[in-house]
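**Student:** Chain by chain, the residues:
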Amino acid sequence: MNTFKKNLFALLSLILGSVFALPIAASEVLPDMSVYHLEGEWTNHEGKSLSLQELSGKPVVAAMVYTSCIHTCSMMTSKVLEIQKQLPAHQQDKITYALITFDSKGDTVDALSDHKEKRKLDENWVLLRADDSNIRRLAGVLGVNYKEVGPGEFSHSNIISLLDKDGVLVTQINGLNKATTPITNKLESLL
Amino acid sequence: MKIYAAIAAASLTFSASSLQAIPEGMVKIDGGVFTPFFDKDKDGNNQVLNMDAFYLDKAPVTNLDYVKFVAENFKWSKSKVKGIFAEPSYLKHWSGDFSFSNNLAHKPVKNVSWFAATAFCENQNKQLPTMMQWEYVAAADETSKMATGTDTYRRKILDWYGQPSNGEVSDVMQGEKNVWGIYDLHGLHWEWNLDYNTALVTGESREDSKLNKNLFCGSGSLGAKDKLDYGAFMRFGYRSSLKGNYTVGNLGFRCAKKISLQ
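Protein sequence lines, in the order shown, are assigned to chains S and Y.
The numbering of the first sequence is the working numbering, which starts it at 9 and goes up by one.
The numbering of the second sequence is the working numbering, which starts it at 1467 and goes up by one.
Simulated from the structure, these hints should not be mistaken for laboratory data.
From a predicted model like this one, the values you see are computed outputs, not experimental measurements.
The beta carbon of each residue, even a glycine, is placed where N, CA and C say it ideally should be.
Any given hint could be a false lead.
[To be verified] Listed next, the stretches of chain Y that the computed footprint assigns to chain S, with coverage defined by at least 3 CB atoms under 8 Å from CB atoms of chain S:
no.: 1; stretch: 1527-1537
no.: 2; stretch: 1544-1556
no.: 3; stretch: 1649-1663
[Unchecked claim] List time: in silico DSS-like cross-link candidates among lysine-lysine, alpha-carbon distance up to 25 Å:
no.: 4; chain 1: Y; residue 1: K1544; chain 2: S; residue 2: K155
no.: 5; chain 1: Y; residue 1: K1723; chain 2: S; residue 2: K155
no.: 6; chain 1: Y; residue 1: K1592; chain 2: S; residue 2: K173
no.: 7; chain 1: S; residue 1: K173; chain 2: Y; residue 2: K1548
no.: 8; chain 1: Y; residue 1: K1592; chain 2: S; residue 2: K155
no.: 9; chain 1: S; residue 1: K173; chain 2: Y; residue 2: K1723
no.: 10; chain 1: S; residue 1: K113; chain 2: Y; residue 2: K1723
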């Protein structure tokens, strides 16, 4: 291709790109196995509503928790913190750390915001809540089993998931006693 | 007199609005007490559940019902569905996005994932029945609401579970209805539940924070209320093996609906 053709091609792509960029639904460009195909409204710890797709662009380390629990969930937060701390400082900011609650009633925006403050989670963290239907769908795509065993008390799998920048599940660790290396090793290759 | 007429009119209006019409194709399931065989509280006692009343579809969703949904919600067609929501075998018994052989129209739809079944029900302002709702209704036979203890109930279900599932099933609502007026909970196929993913048996039991040991068929089963209800054990074992995007040849669904208080 000569330069003229190259330029013409670039120009055409630019025009076509800008014409077609809007009508193409975001779901069309996401990979088939992206978690971000899940529609539905979520709310973060600041009370801002967002779609899961707004997490795209960076790898995400995600865990499903509920913040009122005494034992396991705070350990889940600790485990994700451990992953963050293991990364070199310049990489820590290139990742989103997401905690998603099972507890649509107890984990209000205030409860999530308190948890973030109490655990000293930095600006790379996002804590999310939604209604039961959206929570169940997300648990479904992440393979997380859970059950409300009493008011505001949940049994659940202790799974931490790594999603790539398009929301495709890369790897998971299942269990608090597991090494974090499967996630930290993969993270390096995603950055 | 005028005052009485007004009161009568007001009370008529009141009773009319509090008596919500039963949605078409559904049956009202009265509330009641249910002791599921498998579920124990933290101290190992049987749980006695107070079930609220709800509506349940009389019959499983058929291929014809499902194709109407797909026609209006094209993202759930075979060619458009996302892999994260359904395996490649989604609707594999259909020849195209809207086509299947005529004799399938009134047979239960199968090869549908939990995500697809959930979307179908939500599209009708319904939801999948919970495991407890499903088991509560499935505990009935033709004459009794709580038949799980009887030999005939047990025998009928085990006879069906013992049959190979390779043949084509019959159309819906051909068998006997149970005492609630519900068809085909046993006998045609298995059905999705809303909370299919509550069973904390991952194969690596130590990894779960609070393992529901009662769902194991091994030692856990010794604690069950009714040791002879093998059918229910089989259903729980089956459910715990499912993932949300699985599409299976003998797994369909029906929908339930909350009864909203006016």
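**Student:** Confirm or reject each hint.
**Tutor:** Here's how the hints hold up against the structure:
1. 1527-1537: violated (count 0)
2. 1544-1556: holds (count 4)
3. 1649-1663: Contact hint for the stretch 1649-1663 of chain Y vs chain S: holds, 3 residues under 8 Å.
4. Y:K1544 <-> S:K155: Roughly 31 Å separates the two Cα atoms, so the pair is violated.
5. Y:K1723 <-> S:K155: holds, 21 Å
6. Y:K1592 <-> S:K173: Violated, because 34 Å separates the two Cα atoms, which is more than 25 Å.
7. S:K173 <-> Y:K1548: This hinted pair holds, its Cα atoms lying about 18 Å apart.
8. Y:K1592 <-> S:K155: With Cα atoms ~21 Å apart, Y:K1592 and S:K155 stay inside 25 Å; holds.
9. S:K173 <-> Y:K1723: Violated, at about 38 Å.
10. S:K113 <-> Y:K1723: holds, 21 Å
Going down the numbered hints, you'll see the structure goes against 1, 4, 6, 9, while the others check out.
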